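Can you make the complete structure from the sequences, with help from the hints?
Going down the list, the protein sequences come from chains A and B.
Okay, so the first sequence: first residue is 1 according to the numbering used here, each after it adds one.
Okay, so the second sequence: first residue is 1001 according to the numbering used here, each after it adds one.
In short, the hints are calculated from the structure, not lab data.
All values reported here derive from a predicted model rather than from experimental measurement.
We put the CB at the ideal spot given by N, CA and C, even for glycine.
Just to be clear, a hint being listed does not mean it is correct.
To be verified - Label-pair ranges, simulated between beta-carbon atoms:
#, chain 1, residue 1, chain 2, residue 2, range
1, B, A1093, A, E29, 31 to 39 Å
2, B, D1084, A, D122, 28 to 36 Å
3, B, S1045, A, D113, 17 to 25 Å
What the hints assert, rightly or not - Residues from chain B that face chain A, not an exhaustive set, calculated with beta carbons under 8 Å:
#, residue
4, F1012
5, Y1038
6, L1041
7, S1045
8, A1048
9, A1051
10, D1065
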Amino acid sequence: MEEENESGVVKKFMYVNRKAPYGTIYALEVLEMVLISAAFDQDVHMAFLDDGVYEIKKGHTPKGVGMKNFSPTYRALEGYDIEKLYVEKESLEERGLTEDDLLVPVEVMSRADLAKLMSEMDVVLTA
Amino acid sequence: MSTLHTVNKSPFERSNLDSCLGHVVAGDSIILIEDAVYAALSGTSVTARMADAAKQFRICVLGPDLQARGMDTGAVIDGITVVDYGGFVDLAAESRVVNAWL
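Rendered as structure tokens:
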């Protein structure tokens, strides 16, 4: 259900990250959107599935390809009260990754549980 | 008289790599660049297919693209060679044709 705060309605937002970083601009653009919604005091959730799990892989070093490392921004999300990060278990497994490979604390959940959580949102934005 | 095939899409998202593997002939080389570097790693759902392909064709992966994505070059599948930009140029120069599977 929607709640009110002093500045208006608070909606449950979910940003669904499905793209690998660096190859396309999607991952970076979603981060920009997330930071904007945080500024409006919304209830922000971030989900990482499919190739999106690579966005929060530890150790990005894009210097050699001449790009900016934007992965530290994920660690800064906590400072914007964005702490609801969910990672799909099946997506990690297909890619040979574990929770230890990720640079931020997340909740790993099954595809079925993530689907349920997604269905409870007011706004879902996938990229 | 060989072709260098370049693949730049993730094998988990697009079929570019599958198509490429279906059209490679003896003597050709494949280089995995950008988001295709994820195909070069062990422990994934595409590892077996890539390990098999590496027995038939020369397969390389671009090191700087692995490093950008935080991927350990030590986790690259046996039989796949990590190359730098200079190595990429050498592969292109040795080949008669470059086919980019965009």
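Structure-based check of all given hints:
| no. | hint | verdict |
| --- | --- | --- |
| 1 | B/A1093 with A/E29: 31 to 39 Å | 37 Å, holds |
| 2 | B/D1084 with A/D122: 28 to 36 Å | 48 Å, violated |
| 3 | B/S1045 with A/D113: 17 to 25 Å | 21 Å, holds |
| 4 | F1012 | 6 Å, holds |
| 5 | Y1038 | 7 Å, holds |
| 6 | L1041 | 6 Å, holds |
| 7 | S1045 | 4 Å, holds |
| 8 | A1048 | 12 Å, violated |
| 9 | A1051 | 13 Å, violated |
| 10 | D1065 | 6 Å, holds |
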